Amino acid sequence: MMSLTKTHKSLRYLGLGLLALLILGPFILGFWTSLMPTADIAKGILISSHLSLANYVDAVQQTAILRYLVNSLVISTLTMLAQVLFCSLGAYTFVFLKFKGRDFLFYVILATMMLPFEAEVIPNFATVRFLNLLNHYAVMVIPFLTSAFGIFMLRQAFRQIPGELKEAADIEGLNHWQFYWRVALPYARISIFTLAAYSFLESWNQYLWPMLTTFSDKFRPVQDGLRQLQSQETFNNWGMIQASAVIVVIPTLLVLFVGQHYFKNGLNEGATK
Amino acid sequence: MEAGHSVPKSQPTVKSFAKTAAKGFNVHVNDKYYAAAFLGPSLLILGVFVFYPMVRTLYLSLFLTNNVGRPTVFVGLKNYVSLLTSAAYRASLTATGFYVVGVVVLTLALGILLAQATVQKLAGIQWFRTIFSATMGVSVSVAAIFWLFIFSPSVGLLDQIAAFFHLPVINWLTDPGWAMVAIIVSTVWMNLGFTFLILFGALQMVPPTLYEAADIEGASKRYQFWHVTLPMISPTLFFTATVTLIGAFKSFGLIDLMTAGGPNNATNLMVYQVYKDAFLTGNYGMASAESIILALVIALFTLLQFKFLEKRVTY
Amino acid sequence: MRRIRNWERWGLAGLCLIIVAAIGLGWATHQRATTAQANTRTKVVFWHEMTGPAQQELLTLVKNFNHSQTKYEVVPEFEGNYNEAVQKIIDTHGTDASPAVFQSMDISTSQLHHTGYTTPVQKFIDEDHYPVQKIASGARAFYANKGVQLSMPFNTSQPVLYYNATLLKKYGITPPPVNPSYQDITRVATQLMTRSHKKVQGITVEIYGWLFEQFLANSGESLANREDGHAGTPTAVNFTGPAAVQTMQWIQTNLKRGSFVNYGAGANAVNNETASFLSGRLGMFLQSSATIGQLTKGNPDKLGITYYPHPDGQKANGVAIGGASLWISNDKTTHVQRGAWDFIKYLLTAKNQAAWQVATGYLALNKDSQKEPELQALYQKLPATKVPGEQLRAATPNNTNSGIFLQGLIQARILTQTAMEQIYQGSDPQKALATAQKSMNSYISNNNRSNGYS
Numbered sequence: 001m002m003s004l005t006k007t008h009k010s011l012r013y014l015g016l017g018l019l020a021l022l023i024l025g026p027f028i029l030g031f032w033t034s035l036m037p038t039a040d041i042a043k044g045i046l047i048s049s050h051l052s053l054a055n056y057v058d059a060v061q062q063t064a065i066l067r068y069l070v071n072s073l074v075i076s077t078l079t080m081l082a083q084v085l086f087c088s089l090g091a092y093t094f095v096f097l098k099f100k101g102r103d104f105l106f107y108v109i110l111a112t113m114m115l116p117f118e119a120e121v122i123p124n125f126a127t128v129r130f131l132n133l134l135n136h137y138a139v140m141v142i143p144f145l146t147s148a149f150g151i152f153m154l155r156q157a158f159r160q161i162p163g164e165l166k167e168a169a170d171i172e173g174l175n176h177w178q179f180y181w182r183v184a185l186p187y188a189r190i191s192i193f194t195l196a197a198y199s200f201l202e203s204w205n206q207y208l209w210p211m212l213t214t215f216s217d218k219f220r221p222v223q224d225g226l227r228q229l230q231s232q233e234t235f236n237n238w239g240m241i242q243a244s245a246v247i248v249v250i251p252t253l254l255v256l257f258v259g260q261h262y263f264k265n266g267l268n269e270g271a272t273k
Numbered sequence: 001m002e003a004g005h006s007v008p009k010s011q012p013t014v015k016s017f018a019k020t021a022a023k024g025f026n027v028h029v030n031d032k033y034y035a036a037a038f039l040g041p042s043l044l045i046l047g048v049f050v051f052y053p054m055v056r057t058l059y060l061s062l063f064l065t066n067n068v069g070r071p072t073v074f075v076g077l078k079n080y081v082s083l084l085t086s087a088a089y090r091a092s093l094t095a096t097g098f099y100v101v102g103v104v105v106l107t108l109a110l111g112i113l114l115a116q117a118t119v120q121k122l123a124g125i126q127w128f129r130t131i132f133s134a135t136m137g138v139s140v141s142v143a144a145i146f147w148l149f150i151f152s153p154s155v156g157l158l159d160q161i162a163a164f165f166h167l168p169v170i171n172w173l174t175d176p177g178w179a180m181v182a183i184i185v186s187t188v189w190m191n192l193g194f195t196f197l198i199l200f201g202a203l204q205m206v207p208p209t210l211y212e213a214a215d216i217e218g219a220s221k222r223y224q225f226w227h228v229t230l231p232m233i234s235p236t237l238f239f240t241a242t243v244t245l246i247g248a249f250k251s252f253g254l255i256d257l258m259t260a261g262g263p264n265n266a267t268n269l270m271v272y273q274v275y276k277d278a279f280l281t282g283n284y285g286m287a288s289a290e291s292i293i294l295a296l297v298i299a300l301f302t303l304l305q306f307k308f309l310e311k312r313v314t315y
Numbered sequence: 001m002r003r004i005r006n007w008e009r010w011g012l013a014g015l016c017l018i019i020v021a022a023i024g025l026g027w028a029t030h031q032r033a034t035t036a037q038a039n040t041r042t043k044v045v046f047w048h049e050m051t052g053p054a055q056q057e058l059l060t061l062v063k064n065f066n067h068s069q070t071k072y073e074v075v076p077e078f079e080g081n082y083n084e085a086v087q088k089i090i091d092t093h094g095t096d097a098s099p100a101v102f103q104s105m106d107i108s109t110s111q112l113h114h115t116g117y118t119t120p121v122q123k124f125i126d127e128d129h130y131p132v133q134k135i136a137s138g139a140r141a142f143y144a145n146k147g148v149q150l151s152m153p154f155n156t157s158q159p160v161l162y163y164n165a166t167l168l169k170k171y172g173i174t175p176p177p178v179n180p181s182y183q184d185i186t187r188v189a190t191q192l193m194t195r196s197h198k199k200v201q202g203i204t205v206e207i208y209g210w211l212f213e214q215f216l217a218n219s220g221e222s223l224a225n226r227e228d229g230h231a232g233t234p235t236a237v238n239f240t241g242p243a244a245v246q247t248m249q250w251i252q253t254n255l256k257r258g259s260f261v262n263y264g265a266g267a268n269a270v271n272n273e274t275a276s277f278l279s280g281r282l283g284m285f286l287q288s289s290a291t292i293g294q295l296t297k298g299n300p301d302k303l304g305i306t307y308y309p310h311p312d313g314q315k316a317n318g319v320a321i322g323g324a325s326l327w328i329s330n331d332k333t334t335h336v337q338r339g340a341w342d343f344i345k346y347l348l349t350a351k352n353q354a355a356w357q358v359a360t361g362y363l364a365l366n367k368d369s370q371k372e373p374e375l376q377a378l379y380q381k382l383p384a385t386k387v388p389g390e391q392l393r394a395a396t397p398n399n400t401n402s403g404i405f406l407q408g409l410i411q412a413r414i415l416t417q418t419a420m421e422q423i424y425q426g427s428d429p430q431k432a433l434a435t436a437q438k439s440m441n442s443y444i445s446n447n448n449r450s451n452g453y454s
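Chains as they are written, first to last, in full-length UniProt numbering: chain P, 1 to 273; chain Z, 1 to 315; chain W, 1 to 454.
These are computed hints drawn from the structure, not numbers from a lab.
Predicted, not measured: the structure shown is a model, and the values here were computed from it.
Take the hints with a grain of salt, since some may be wrong.
[Unchecked claim] Only pairs whose alpha carbons sit at most 25 angstroms apart, straight line, appear in this in silico SDA-like list of lysine to any residue:
no., chain 1, residue 1, chain 2, residue 2
1, Z, Lys78, W, Ala434
2, Z, Lys307, P, Phe117
3, Z, Lys250, P, Thr112
4, W, Lys371, W, Tyr130
5, P, Lys166, P, Tyr187
6, W, Lys371, W, Ser68
7, W, Lys351, W, Asn64
8, W, Lys345, W, Gln370
9, P, Lys218, W, Val75
10, W, Lys71, W, Thr349
11, P, Lys6, Z, Leu122
12, P, Lys6, Z, Gly218
13, Z, Lys250, P, Phe152
14, P, Lys43, Z, Ile150
15, P, Lys9, P, Leu24
16, W, Lys256, Z, Ala162
17, Z, Lys307, P, Arg159
18, Z, Lys32, P, Gln178
19, W, Lys43, W, Ser68
20, P, Lys98, Z, Tyr34
21, W, Lys386, W, Gln376
22, W, Lys332, P, Phe130
23, P, Lys43, P, Ile28
24, Z, Lys32, Z, Gly47
25, P, Lys43, W, Thr349
26, Z, Lys121, Z, Ile216
27, W, Lys256, Z, Val181
28, Z, Lys250, P, Met113
29, W, Lys198, W, Tyr171
30, Z, Lys32, P, Leu85
31, P, Lys100, P, Phe179
32, P, Lys43, Z, Gln160
33, P, Lys6, Z, Arg129
34, P, Lys100, Z, Ile150
Generate the whole structure from the sequences, applying the supplied hints.
Right, dumping it as structure tokens:
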């Protein structure tokens, strides 16, 4: 690579820069307009000298944007914890327990991965309505307490645990709870982290289901909160809407940047396995 | 990365053999109770929220439902017949197909481009990697709002640029053809971060010796890309393609926020059609039939993915 | 695989903590601001679909109501657009999530009545001997069935035509007459286009089923059979009558000429046409009188308003009212229902109705409102704002201009909007409307069958 000439090198940077602009463009524009007065945006001015944080103050004071964030945080955290617990327990069953019909059950669970939730919203709505869960955190957590994908992924991870470990544990007289907690979970921690990150993001990005089942700002998560803001602004208050979008995107961006290695490693593991 | 096949579970040492044999019965006798405790919650949830609803949807799809959503008149397959003979529904299927293909092709092509651009060794390349993965942190409604502004008439960026260069102004979201382009572009942008990360990881795992060998043989860069890089990352590429494809079939949020299925139903994708029939007009029977068709399509592609993964795991 | 470094782990944990703390703090202050008076009052959940200035005014009225008494606390919740709300109301009935009092649009009346999920407000009118004759009779009749008041009319509007009077004057164009025909509109739109050298667009007709219905009403053509449902449950619709086809042809021809412009459908279309009108790039548009509030606030140009246009060579039949009414759910306790009724009464006082019209452009329904100084001042300042009320009074009510009693009108709107889209893009009007009509008729026959009406 030392043979690269200077012009060659700057050409490469130019190319990379253009690609970066393509990716960052919408962010930059969103951020920039969030600092501009809506009146200027409406006039079609894109370069304004009246930059301020007024839109952010408006968003925080006039809308429930922070409440939406809290709701999403609660829902996603609960979903994440539950999925890690139930998926790992389920996966453990398929690796370390022996009972009749185990393989059949595994294929049954595998089969659920083929059934898209989007195609089942009608009966699911009826179910949560019957359980009187509508318009509550529970309605956005309970159907997602476990996932076939998570069980499948952790099963793969648990299968890497050397047989000797289990034998040794048996000799020591550890029961399954103890083995699960002290050996299996720590051993598969990378996969557990990946599942945690995946389930958190999945829950954070839920859009259709919360839209159908929440009816007040008290429980509405952030995706549908933004929809709410967008649909009740008849006056095209672009500045405030962009500010709200920026408020929503900043936490996930920060977490992503700091936690990059987790994601990269975990994702690649999942993808190539 | 390990090859994926399982480590043989019991390779008992001589010492432990006697012990397990003695305890053998004991070790697994309680397993079914453990299994009930460990697997029970998952089975219950999957049963109630995944299996039962599929059966119920199938059942509902054979009925007409009244104005409070109860199935009242059995019509057999009539809902399916009227769907498949309706030009509007066929248009929705076509639109979905067009959208899915557009999203998958563009996402993969751009994903490879970005990944290729960042495997080279250059000072500060780490920054570009971070930037290219940024859209992974963008949720659907944020993406929709950012792009809605870019595409919005008169105040949006694209129309401003067009006006500046005296180009004809494009009605991005009110012209059926352009609206489809607009939602494809937005979706691809949103997908890129994830796709980039995975493809980048795959590219890094191509052994450098392969390129060195190709260099010695005097193969051009283009030749290397088609005959070394692509074959080496093809498993990952296939995985990414199916994930993107299934995701695209399920698209809803962007459509809802940006076009609401319009203009002229040009972006009325399958899930949006289900939503409209079930939750706007209360036509549950029809919406159930549409759900079943959607489920069949997605199941088909998931099955393909499984088949493929199975192959991967065994070689 | 690279091991995760220690500092990264701490960094991530620390960052999460900071974000949680920041959000928590923000939320705590937000909460304090909103629940200043958490107490033992009975909560009355109120679902509405008002946006923009109308929402602000409605929230003010709610706040004032909550201050005016100590028994109830009305909790307002915005539930999206009219179309979304109807099914939400039906789907949540009987659960803790359902509202005690809700706003639902004009065309959902028949459907909501048939669900049996509501308590007719007539019950409370009788109990209280409420002077219901003070409320505009045309609006009341729209939401009554066989002499029983099902719901209380609240936000009532008229579709009208807006024009930018300042802009017309600038280009020396004679404004359209107060009761314009299609020809009058074509003239003004064409003049705007040519005299401004295409800088100003003539007119836009939003792709909106409501506007389509009003074109039919104003030409005296029924949309559904059995007298638009006034004489029994309709079994078929008529989207392909001469007036419907002629109107669509009129719009299509002018779109091709460039004097009309298409802004699309939905909230985005309304936002964009309003923004263009206010910035002087659009000369005229058809919309609900409820937009007046937005169009007068901070608009330096003079606003002109006329009646809804009618076909050439015939007299205007008059348009139906638009808007929505307030319903009381029957799945709540009598105490809560009583609270809901008290709230409805409060919204309909002469003073509040006057304030409502001034802020929004919806017509004040209480007859005494006309005497309120606030409304008098508005008429004085902007005489054009009298036009919607005059249009309402000018029409003689008949079966084609008093609303359509058909279940599944949301479906009809979806279908007519699709037809309008196609026509605007250049499809043959007759054909596009026929397709929509066919789909709607099959919907109606299914619906009638599943509900046992046929």
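* **List of violated hint numbers, smallest to largest** => 25, 34
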